[in-house]
Amino acid sequence: MAYFVPGSASEPTSEVELTLSCRNLLDCDVFSKSDPMCVVYLKTPEMSHWQEICRTETVRNTLNPDFVKKVHILYRFEVQQNLKFEVYDIDANSSNLDDHDFLGSCLTTLGQVVSSGKSCLPLSGTNQRNSGELLIRVEELSNCNDEITLKFSGRNLDKKDFFGSSDPFFELLKVVEDGTYTLIYRSEFIKWNLNPNWKQFTLPIRNLCGGDHDRDIKISCYDWNRSGNHSLIGHAHITVNQLKAKNVAADHSFALIHPDKARKSNYKNSGLMVLEFFDFRKVYSFLDYIIGGLQIHCTFAIDFTASNGDPSMPQSLHYISDGANQYEQALSAVGEIIQDYDCAKQFPVLGFGARLPPDGRISHEFYVNLSQNNPYCDGLKGVVDSYRSCIRQVQLYGPTNFSPVINHVAKFAAAYQDGSQYFILLIITDGIITDMEHTKGAIVHASTLPMSIIIVGVGQANFAAMSELDADTVPLVYNNVKAFRDIVQFVPFSDFQNVKNPLLAKTYLAKEVLAEIPEQIVSFMKSKNIVPSVKGAPPPYSA
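So for the sequence shown, our numbering puts the first residue at -4; every next one is plus one.
Hints are supplied without guarantee of correctness; some may be wrong.
Unchecked claim - Across the chosen pairs, the derived CB separations fall in these ranges:
1. 496 - 290: 26 to 34 Å
2. 144 - 472: 24 to 32 Å
3. 188 - 429: 54 to 62 Å
4. 390 - 427: 19 to 27 Å
5. 61 - 239: 32 to 40 Å
6. 473 - 176: 42 to 50 Å
7. 376 - 290: 15 to 23 Å
8. 236 - 171: 16 to 24 Å
9. 12 - 188: 47 to 55 Å
10. 411 - 340: 12 to 20 Å
11. 12 - 455: 40 to 48 Å
12. 181 - 119: 55 to 63 Å
13. 243 - 376: 58 to 66 Å
In short, the hints are calculated from the structure, not lab data.
Glycine residues also receive a C-beta, built at the ideal position from the N, C-alpha and C atoms.
Using the sequences and the hints given, assemble the complete structure.
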């Protein structure tokens, strides 16, 4: 579970670059065409007003500008990042926008821009008339996410110990701007061995060389001493490109040189480092998959058990009033983010723990819109409307069983394991799970699928058992089978009740609930060796 820390900042998923163009702008000049410039604003729920983040250059005498200046934004999946674009005809040498002619504006979110890959948005001018189009193309800036896996052995290393052996280990160090070296990896030491085989290890390429495959890397081999005063065996210098070459060469070794011994005329080396294994792996980011067309589907599952209290009473967690109850707040917090990544914006909503009309049968897997064969609700408003209607027609009952709704979504996730679809199940509950063992089994099964589970606990119940499902420290096990990956995130709603501003409370909840989703999606894709799809290149905007 990612812990909520008020006043802190979560790490951005990526930095994206937006390329802007306009088409068919209004012509406000008399003897020539307009001289357009675009101003970009950002607003998140924590911000009280729009913040200007970029102004493009002015492109002279055109109604179809292609702007050179790029817009750089730190992208956060778990935050709704609203964007506003305003286009002006620049007529004076002034930074005050009131001195220029307004051509048009449009609103969108960064999530919608990213999920589209390329967007064409209508510009609205004065009196809301059509004022042309804004074209947006998005690209993730490289973050050197690739990985390199290496395995080394030593051969004929110098004897450093009194009894004619050594306890060798090695370090990898990269050169920095001032010419000094900084440590990036240290191996284990191997006792009494002049021909050691060290363990295989994996490093992000940005840690090893900052993405520069010709950057100098120093390998220093030492004889380990308990005192911490280790004895140098020798150094070697190499680059990632040289490691690649060594991997395919007949000789995989390179000499370790001791600087003091190198002065001797008959000195050759202090042993050899041998490259036993080399693998360079392209690591794709969450945005790579989103831009490649990945669709994220969110299913909501709502607890209708009697422990929520009589819905007709204000004390009930299901009490319907002019304001939003905790269930509605959780639905909105997640739905407002997820809807940008689902082109259909149709959300299945399941219920469990209620007696249903007309005969009062108990169900732990029913459609909240009370349809017999269609669980989908139209948009976030449809989700909330269906919930409000359902609470008036069912009888809250019990027990609190999670496994049926988990298995319901897992059935669909199992049919889409090609990387084109990913499924999120949001369970909102007030109580302690009564089918814990079956729930563990369902989660262990789902851990191999393109699926994540978010559990939001509402009310004041003891949710201590949820930490076992949110297996951040100890992997979840069922029938001696360990979960393939961690797919569960538990968040207690009570963590956010002391935030006085309801909008900020909802924003913080969304951050906490969705923070782990990008990493979980990437971990699934990586485990299945799924490469992002590449969308067809858009036509030139200048055409």
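Hints, one by one, checked against the model:
1. About 33 Å separates the C-beta atoms of residue 496 and residue 290, a value consistent with the hinted range of 26 to 34 Å.
2. A beta carbon spacing of about 28 Å between residue 144 and residue 472 agrees with the range 24 to 32 Å that was offered as a hint.
3. The hint said 54 to 62 Å for the Cβ distance between residue 188 and residue 429, and at roughly 56 Å that hint holds.
4. For the pair residue 390 and residue 427, the supplied restraint of 19 to 27 Å holds, since their beta-carbon distance comes to about 21 Å.
5. For the hinted restraint 32 to 40 Å between residue 61 and residue 239, the CB-CB distance of approximately 38 Å keeps it satisfied.
6. At about 48 Å, the beta-carbon gap between residue 473 and residue 176 stays in the expected band of 42 to 50 Å.
7. Distance hint check: the CB atoms of residue 376 and residue 290 are about 21 Å apart, consistent with the given range 15 to 23 Å.
8. Between residue 236 and residue 171 the CB atoms are about 19 Å apart, so this pair conforms to the stated range of 16 to 24 Å.
9. One distance hint, 47 to 55 Å for the beta-carbon pair residue 12 and residue 188, holds here, with the actual separation near 50 Å.
10. A beta carbon spacing of about 18 Å between residue 411 and residue 340 agrees with the range 12 to 20 Å that was offered as a hint.
11. Range check, residue 12 to residue 455: Cβ separation about 46 Å, and the 40 to 48 Å hint holds.
12. Our hint of 55 to 63 Å for residue 181 and residue 119 holds, since their Cβ atoms are close to 60 Å apart.
13. A beta carbon spacing of about 59 Å between residue 243 and residue 376 agrees with the range 58 to 66 Å that was offered as a hint.
Checked against the numbered hints given earlier, the structure satisfies every one of them.
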